[in-house]
Amino acid sequence: MNDKTFLAELDAQSRVKQEEFFDHIASRLQRPRQKTAPIRTLKGAPEDWDRYELSLEARITQFVKHWELAGGHAHRLAAMKDAVLLIQDMVRHTGAKHLIMQDQPELEPIQTALLRTKEELQREEQQDINLTIWNAHGLDDAAKGWLVAAAAQADIGITAAHAAVSYTGSVVLPSSEISGRTVSLLPTMLIVIIPVLRLKTRLGEVLRPMDEWPLAERPAGIHFVSGPSRSADIENDLTIGVHGPGIVHALLIEEA
Amino acid sequence: MLMSIRADHSTVQKTPDSVKGRAELALNNEFLRRAVKFTTERLKSGKLAAAEEHGNWEEWRERGRQIRLHTIAHLDYYLEQFVNNARAHGVHVHFASDAKEAVQLTMRIAKEKQAKSAVKSKSMVSEELHINHALEEEGIEAIETDLGEYIIQLAHETPSHIIIPAIHKNRHQIAELLSKEAGEDLPPDTAVLAGFVRKKLREKFLEADIGMTGCNFAIAETGSMVLFENEGNGRMVSTVPKTQITFMGMERIIPTLDDLEVMATLLPRSATGQRLTVYMSVLSGPRRAADADGPEEMHIIILDNGRSLQLGDTHFQELLNCIRCGACLNACPVYRHIGGHAYGGVYSGPIGAVLTPALNKNMAEWDDIASASSLCGACYEACPVKIPLHDMLVYLRHRKVEAGRGEQAEKMGMQGFRFIMSDAKRLKMIAKLGRWVQKPFVRDGKITTQIGPLKGWNAYRHLPSLPSETFREQWKQLEQELHASGRPTVHEEIRARMEKLVAARNQSDHMHAGDMARSSDLQAASRLKAAEGERRDER
Chain G
118 MNDKTFLAEL DAQSRVKQEE FFDHIASRLQ RPRQKTAPIR TLKGAPEDWD
168 RYELSLEARI TQFVKHWELA GGHAHRLAAM KDAVLLIQDM VRHTGAKHLI
218 MQDQPELEPI QTALLRTKEE LQREEQQDIN LTIWNAHGLD DAAKGWLVAA
268 AAQADIGITA AHAAVSYTGS VVLPSSEISG RTVSLLPTML IVIIPVLRLK
318 TRLGEVLRPM DEWPLAERPA GIHFVSGPSR SADIENDLTI GVHGPGIVHA
368 LLIEEA
Chain Z
13 MLMSIRADHS TVQKTPDSVK GRAELALNNE FLRRAVKFTT ERLKSGKLAA
63 AEEHGNWEEW RERGRQIRLH TIAHLDYYLE QFVNNARAHG VHVHFASDAK
113 EAVQLTMRIA KEKQAKSAVK SKSMVSEELH INHALEEEGI EAIETDLGEY
163 IIQLAHETPS HIIIPAIHKN RHQIAELLSK EAGEDLPPDT AVLAGFVRKK
213 LREKFLEADI GMTGCNFAIA ETGSMVLFEN EGNGRMVSTV PKTQITFMGM
263 ERIIPTLDDL EVMATLLPRS ATGQRLTVYM SVLSGPRRAA DADGPEEMHI
313 IILDNGRSLQ LGDTHFQELL NCIRCGACLN ACPVYRHIGG HAYGGVYSGP
363 IGAVLTPALN KNMAEWDDIA SASSLCGACY EACPVKIPLH DMLVYLRHRK
413 VEAGRGEQAE KMGMQGFRFI MSDAKRLKMI AKLGRWVQKP FVRDGKITTQ
463 IGPLKGWNAY RHLPSLPSET FREQWKQLEQ ELHASGRPTV HEEIRARMEK
513 LVAARNQSDH MHAGDMARSS DLQAASRLKA AEGERRDER
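Top to bottom, those sequences are chains G and Z. Plus 117 on top of the position in the first sequence (first one is 1) and you've got my numbering. Plus 12 on top of the position in the second sequence (first one is 1) and you've got my numbering.
I should point out that these hints are in silico values taken from the structure, not numbers from a laboratory. As the structure is a computational prediction, the values presented were derived from the model and not from experiment. Note that CB positions come from ideal geometry on N, CA and C, so glycine has one too. Any given hint could be a false lead.
Quick list of simulated restraints, FRET-style, between CB atoms [claimed, not checked]: (1) G:E334 to Z:K211: 32 to 40 Å; (2) G:L202 to Z:A61: 36 to 44 Å; (3) Z:R46 to G:A195: 26 to 34 Å; (4) Z:S386 to G:L186: 34 to 42 Å; (5) Z:F50 to G:E174: 23 to 31 Å; (6) Z:N68 to G:R240: 54 to 62 Å; (7) Z:G416 to G:H141: 24 to 32 Å; (8) G:L314 to Z:K211: 36 to 44 Å.
Each computed DSSO-like pair below joins lysine-lysine, with the alpha-carbon atoms no more than 30 Å apart [claimed, not checked]: (9) Z:K373 to Z:K398; (10) Z:K128 to Z:K216; (11) Z:K112 to Z:K254; (12) Z:K373 to G:K261; (13) G:K160 to Z:K440; (14) G:K261 to Z:K423; (15) G:K121 to Z:K123; (16) Z:K440 to Z:K373; (17) Z:K128 to G:K261; (18) G:K121 to Z:K125; (19) Z:K412 to Z:K423; (20) G:K160 to Z:K398; (21) G:K261 to Z:K32; (22) Z:K216 to G:K121; (23) G:K134 to Z:K512; (24) Z:K112 to Z:K211; (25) Z:K216 to G:K214.
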């Protein structure tokens, strides 16, 4: 039996079983099956909360505070070129060898600069940098596997945030062809670029519009990341970097 | 159920049959008591601080409760909506009426994939299934990847706390376990131990054929499943292996991502006091054709396993509102004393004391855990979705007594109490008799002997002796003194209120157990009614 027929058989069984399953729920609730959308008077967060909105400056301050409280590092930068300098500096100082970054258009200046750094360091014979750009376009399964392998070896992963939330101190990272999930997960250190105009106050401002995203455009994974990977499982003693990146830098870019 | 849990335990020590027996094991373990107390107190104060910081906590709790009530009241609709949307993303959805069916489905998939190993992130549902056992019988290695779960897996134990599974182990015990795994001596240093686990499990993630996860919430509107976690292992198991299998309790649904904001506010704050867990992942189907990572195949197994029994039950339907945060464990004075293993089931603490008998539909076997509570209501106050656990515990006890499964001694005691107390003369006589009987045992107004039934009490404290004169006997003299000193006048208003109270009391029957249960019946019924009627917005 091949994979397709196996799955088709499971799905067929599931569709039979589901009617029994839903009917059972309705009968336990002592009413017929609910086939139309129930009326809702309450939805989402309390209405007062929806009016909570901070100014841009206050959002930035709050994000930095909460991100740092969670153990992350935050940098306020005037322009993308400052981010480029900071990253180049980090690479030189940490002696990072393997870098991986998404192929998102907003990261283009960083990509160009890092390629330059790579050449410079090679010339200086100091560091041999391996830079992987995550773009799965037209790749076969084997090549895709190599991208994941590169992420698993990477010292630093670089990604741009779709949005950020100041109240929870979170960055929002959806997956796509040019934005791998493993880039923000497997490297030892993670750098997230946040253009400040994408910084919201509340989680709801990011989540609510996502309800409306068309099916075909919904990413397979949307990850809300709020600091370094952590655990308190050994005697409640906080440990950083258990499975995900232990060092996370948020770079807030203030130019429009 | 009980037996199969035992079968999973490879511990040599025999587990006692009752909560009382298991609690004594726990109480004798001084470290456990201290560790549980320390940790739960930290979690509890973290939760209180987080709730305080957030502000309007009561309003959020009420909102959380309303969303859960609405969803459960229309569970068939939202579940079907979720299933349709998840399938549209390419998810293979399956249904399992009980643990056995869920295990069978999992094993069929695992065999078809010719899986050699499976990595698991924390899932309480998978504990219900004892899936590791089933996988290992087929020669498939099952690896728990949550740090705490990994530790207790190495120790062949079960989780003792819903959020911190290895709460009962100290770093020396953990170092010993991990050293055996490493084949070298590891120091009892948290960073070193965690570092070892990171490296060890990284290899496992990359070579595993199947990733298994639980599901904190499923979104009906978008067909997404949501995972909350701090370590990143949940992301690992749902990103790296080719096949993902998710176990989902059928009640995990919420209608929209908009509603997720409420749950994302309540859950992490209640569980650990965090603003949000480090990772909140909204996963909608397997990787897209163009993506280079994420699972190629995604299965969601929706499990009933006793949950539907609560539907339509006026007393227990609200159990399905539970979001598995563990706040009631941390708040519970009994849990803090006896620890999680004493409860004997998959779920511990106040929620476990109610959920375990409810899911297992066999009150008789589990009913003694309903007694492992002081009925102080701290669990209800801590609960982010306001489940009246203390009411449920009272009702469980009531059911037990009604079913004639009460303790014989307790029953006799209650009958004796009623016999004595219903007649003043009888009480007087018994008091006299008691004063005479106690004589040989009284020292300094205290009774210290540990004979017979007094052992349990006197082992830790002393029983005060019966006073030489009862209040009734003193009354004549007291009344005279009162007259002599001039009777204080009672305020008119207070007198009126007291008289009204007396009149009201005479009207109704005297409260006894039956009425207690009836009044909690009424409370539960009215709560449910409010839920179903989708209470009009009160603000």
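Inset, instruction - Verify the proposed pairing of Z:K440 with Z:K373, using a straight-line Cα cut of 30 Å. - result: With a Cα-Cα distance of about 46 Å, the restraint between Z:K440 and Z:K373 is violated, given a limit of 30 Å.
Inset, instruction - Sort out whether Z:K125 lies within 30 Å of G:K121, counting only the CA atoms. - result: Satisfied, since the Cα-Cα distance of roughly 12 Å is no more than 30 Å.
Legend entry - Holds or violated: Z:K373 to Z:K398, with C-alpha atoms at most 30 Å apart: 23 Å, holds
Inset, instruction - Would you mind confirming whether the straight-line C-alpha gap from Z:K216 to G:K214 stays at or under 30 Å? - result: 24 Å, holds
Inset, instruction - For the pair supplied as a hint, Z:K128 and Z:K216, confirm whether the alpha-carbon distance does not exceed 30 Å. - result: 11 Å, holds
Inset, instruction - For the pair supplied as a hint, Z:K128 and G:K261, confirm whether the alpha-carbon distance does not exceed 30 Å. - result: Satisfied, since the Cα-Cα distance of roughly 22 Å is no more than 30 Å.
Legend entry - Distance restraint hint 54 to 62 Å, applied to the beta-carbon atoms of Z:N68 and G:R240: For Z:N68 and G:R240 the Cβ distance comes to about 60 Å; the hint holds.
Legend entry - Range hint compliance [Cβ, G:L202 to Z:A61, 36 to 44 Å]: The hint (36 to 44 Å, Cβ to Cβ) holds, given that G:L202 and Z:A61 are roughly 39 Å apart.
Legend entry - CB-CB spacing for G:A195 and Z:R46 relative to the 26 to 34 Å hint: The hinted range 26 to 34 Å is violated for Z:R46 and G:A195, with Cβ atoms some 52 Å apart.
Legend entry - 32 to 40 Å as the expected CB spacing between Z:K211 and G:E334, which holds or is violated: 38 Å, holds
Inset, instruction - Sort out whether Z:K512 lies within 30 Å of G:K134, counting only the CA atoms. - result: 60 Å, violated
Legend entry - Distance restraint between Z:K373 and G:K261, which requires alpha-carbon spacing of 30 Å or less: Distance of about 49 Å is beyond 30 Å: violated.
When the structure is compared with the earlier hints, violations turn up for hints 3, 5, 12, 13, 14, 16, 21, 23, 24 and for no others.
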